[in-house]
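For the protein sequence lines, the chains are A and B, in the order given.
Anchor point for the first sequence: position 287 equals 287 in my numbering, and the numbering is continuous, going up by one each time.
Anchor point for the second sequence: position 411 equals 411 in my numbering, and the numbering is continuous, going up by one each time.
In short, the hints are calculated from the structure, not lab data.
These figures come from a predicted structure and were not determined experimentally.
Careful, some of the hints might be misleading.
To be verified - Derived BS3-like pairs (lysine-lysine); straight-line CA-CA distance at most 25 Å: (1) B:533 with B:510; (2) B:520 with B:533; (3) B:595 with B:533; (4) B:571 with B:595; (5) B:591 with A:317; (6) A:317 with B:571; (7) B:238 with B:161; (8) B:480 with B:510; (9) A:166 with B:571.
As the list claims (entries may be wrong) - Here are the computed distance ranges between Cβ atoms for each label pair: (10) B:594 with A:232: 23 to 29 Å; (11) A:251 with B:29: 53 to 59 Å; (12) A:388 with B:539: 52 to 58 Å; (13) B:509 with A:27: 48 to 54 Å.
For each residue, glycine too, the CB sits at the ideal point set by N, CA and C.
Next come the chains, spelled out residue by residue.
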Amino acid sequence: MPSVLPDGEPMPEDGALPASALHGAEARPLAFYLHVPYCATRCGYCDFNTYTATELRGSGGVLASRDNYAQTLADEVRLARKVLGDDPRPVRTVFVGGGTPTLLAAGDLVRMLDVVRQEFGIADDAEITTEANPESVDPAYLAALREGGFNRVSFGMQSARQHVLKVLDRTHTPGRPEACVAEARAAGFDHVNLDLIYGTPGESDDDWRASLESAVGAGPDHVSAYALIVEEGTQLARRIRRGEVPMTDDDVHADRYLIADEVLGAAGYDWYEVSNWATSPEGRCLHNELYWRGADWWGAGPGAHSHVGGVRWWNVKHPGAYAAALAEGRSPGAGRELLPEEDRRVERILLELRLREGVPLDLLREAGLAAAARSLADGLLEPGPYEAGRAVLTLRGRLLADAVVRDLVD
Amino acid sequence: MPATPIHVPEPSRTDPALIRNFCIIAHIDHGKSTLADRMLQLTGVVEQRQMRAQYLDRMDIERERGITIKSQAVRLPWAPTEGEGQGKTHILNMIDTPGHVDFTYEVSRSLAACEGTVLLVDAAQGIEAQTLANLYLAMENDLAIVPVLNKIDLPAAQPEKFAEELANLVGCDPTDVLRVSAKTGLGVEALLDRVVREVPAPVGVADAPARAMIFDSVYDSYRGVVTYVRVIDGQLNKRERIRMMSTGATHELLEIGTNSPEMLPADGLGVGEVGYLITGVKDVRQSKVGDTITTLHKGATEALGGYKDPKPMVFSGLYPLDGSDYPELRDALDKLQLNDAALVYEPETSAALGFGFRVGFLGLLHLDVIRERLEREFGLDLIATAPNVVYRVTMEDGTEHTVTNPSEFPEGKIADVHEPVVRATILAPSEFIGSIMELCQTRRGTLLGMDYLSEDRVEIRYTLPLAEIVFDFFDQLKSKTRGYASLDYEPTGEQASSLVKVDILLHGDKVDAFSAITHKDAAYAYGVRLVAKLRELIPRQAFEVPIQAAIGSRVIARETIRAIRKDVLAKCYGGDISRKRKLLEKQKEGKKRMKMVGSVEVPQEAFIAVLSSDEGGKKK
């Protein structure tokens, strides 16, 4: 998650939600995101809320350390129980992300999952994912996770090329992520993802093609591919500004995306979201789909975002401040927004248009419908689904999704 | 404390022999307002404690820019300290003239109200082009000239050198050039004495029908129009009915009086006197500079000479940045027009800029001042299109078109095109002669002549198309002469020229706002420059956009904006959604500022950058 928090109204101390947020909750799936804000080193392109120190102090000397992190996070899960009251929903998905979750002992991750299970219960067919760094897992670690209830693992592969990994400050050796896939399979994980990044300064079309081929060769059931975004304030942004590495232009990004869709498609991976491909419907990341379909999710951890029934809030960023709030029995929420009906409609359009199923046209107003007709004529929307009442992006449309959204929300 | 003069003659009962009407000719910054301040103090009309710098300049802009836009007249009692008339109180009417090139006509009327002028020149700078032009104007009007060097207290002052220069121009001895410091007051008493001694008393026929010349007309929101006049013959009395001789309109004199410097009502004004009158009219157009006022009964039959209707020379489109400000802009122009007979405007619609006005100005400074007042006093954000001149286009079938906007340039068979020309006077150190001549040649100038004012200063005269001057000429001149050159110009007529209209096409659609009239030799360069600039300024669209410059159907330059291929954020997860929605809102705002030209979205910034006069690097 990006490190800059939005502006919003203040969060009540006890984290209580307005009654409207809980109205009709039974009909919506509930998900948990658990944030681990630690990394061994900070990568030059990363602007996520993450820290390399192992110990951070909050106000009143409250200690937030890697070692007691699982316990601190458990406090927030218990707070969630209180805030959601007698909400009977079992949790459909849990996603542990970071940072680098696998910097913690496997037992810590399992303990974090356990507290969710104790407080809320976890659905039988739940999807339980953790992100993992290829360098910080081994077969025993993976086996412990599987044993503790995790059934999906997502590895940050980024590239198969050493020189690209170097620009990204990734320390793993090429080939290691692909080996991780096999280890995860051996440990009993049905679902494995590899994350890739394209458009890194210095990467060629061939480098990218090689990375894709290497990734699909390892046989994960899911691949994510992201254009490298150079965020302000990162080391990479400074290096580009100083002219040490070149900036990748949008046309190159477009070419790489087309290569990705081509290679992944040929290997049996279908796109189901702009940046995500899976070998089967079961291979899709259900947790992310819940984000995109406006479900309820509770994000626990410093800087984590949550959404319940049209209320979105976000926690304080610093692990020390986060731990201090929980130690005092306060909500770690830093601010929130109560989304008006129109904002929720806009969010639905901007999120659902990125999905293979697209946006139902009846969500659009007159001007938006006229825009959809123009996009169809321009070859940005698929004719078949359009006839059936849905706006679904074509391949070219996916590359121009934001432009289409700007028109459709009118 | 200055001695307050005794036996001060009253208005309407002042012997013309005791009156001296004079003005001050000076360049911006040469200290005219400061000198006027000192005179107000020395003659006791403004007490020390009420004194504020540049007392006579009313508008903020005037005080800030140190320039005088509107003239006024102040009645100063002064008893000379020596010589003939010593100790006898005279009436000095100081008429404060506008000091800038665009207001030549107003200057000429101010001069016509005087018998003499103080030629005030900065002793560190020497005479400047506009001062010289006004000096020539004063000489043509047979005014007595009192040459004065100001700022002699400055370390950089070169009084010997510039006294020589002034003496050569005026035709006097260098020792006759007075040396003053308006700042410290040094030499100002002697100057007042010189005015009494050298400026002739007004001569008029006291028992003739009244004739008074309007030399200024100012709108005051409390009092309506205040008209400044100089009585030539006869007398104007309060409560009389008067008649404007150019229009025949009649008004009652609600108030008549003099300024010292605040308005002071009087019984009337007699021969040679200078003062103000109020009739209750609300628009300066009903009280025009240069017009003759007479009484309704037993009035004069023949007007004084020299009246001209103000004629705009330079046109620019003014558009509110925010289209919803259009009514405010209209109201603001209405208000400014009350006080500015030279300001003309009519509504104009641009496909690119929306609703606005095509506004006619006397010149570039006039344009600048009006635009700045609109922005400052009325809080409007404006786009001003590059200024253009008025063209007269004759078709082969004999019909004629007056073109004040390039988009009105007629299609079809054109016989000839006439453009206004000016006589430009440039004063500069002689080392810059080469670069000045080079600049004038590239601007289609014809050299008229050149004179040395002193050993190392030169006056260069050119005939130039006005169109060449309105576009960044002054800036170029300044930069080529390290700021030393000064420029003056006056319209002298028109000439036939090989002019063409260059159109800009965006995705095949002509964009009216970008059309320009240029000399045919400059058309290609203009086209190339503009399409290159537009290519930079217009963001990539969903499709390829050709940008072309064309004369008629002949394309002279072309660039292409490639179609955009990627406009999507790669990641959008839980923590990204708020940010993404807010980004979308911001982008929508940005989109609102886009203007649709055919199917192409053009950011308003592109229009501003290409159209605005700022782009040309106009003087500021």
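Evaluation of the provided hints:
Among the hinted pairs, residue 533 (chain B) with residue 510 (chain B) is consistent with the structure: their alpha-carbon atoms are about 16 Å apart, no more than 25 Å. Distance restraint check for residue 520 (chain B) and residue 533 (chain B): the Cα-Cα separation of roughly 20 Å lies within the 25 Å cut-off, and the hinted pair is therefore satisfied. Taking the CA atoms of residue 595 (chain B) and residue 533 (chain B), the gap is about 17 Å. The hint holds against a cut of 25 Å. With a CA separation close to 30 Å, the supplied pair residue 571 (chain B) and residue 595 (chain B) exceeds the 25 Å bound.
Distance hint between residue 591 (chain B) and residue 317 (chain A) is unfulfilled; the C-alpha atoms sit about 33 Å from each other, more than 25 Å. This hinted pair checks out: residue 317 (chain A) and residue 571 (chain B) have alpha carbons roughly 20 Å apart, not beyond 25 Å. For a cut-off of 25 Å, the pair hint linking residue 238 (chain B) to residue 161 (chain B) is broken: about 51 Å separates their Cα positions. Between residue 480 (chain B) and residue 510 (chain B), the direct Cα distance comes to roughly 36 Å. Violation of the 25 Å bound is thereby established for this hinted pair.
Simply put, residue 166 (chain A) and residue 571 (chain B) have alpha-carbon atoms about 22 Å apart, close enough for the 25 Å limit, and the pair holds. Distance hint check for residue 594 (chain B) and residue 232 (chain A): the Cβ-Cβ separation is about 25 Å, which falls inside the suggested range of 23 to 29 Å. The beta-carbon spacing between residue 251 (chain A) and residue 29 (chain B), approximately 54 Å, falls within the hinted interval of 53 to 59 Å. For the pair residue 388 (chain A) and residue 539 (chain B), the supplied restraint of 52 to 58 Å is violated, since their beta-carbon distance comes to about 34 Å.
Against the hinted window of 48 to 54 Å, the Cβ-Cβ separation of residue 509 (chain B) and residue 27 (chain A) comes to about 52 Å, which satisfies the hint.
Violation of the numbered hints given earlier is confined to hints 4, 5, 7, 8 and 12; the remaining hints are satisfied by the structure.
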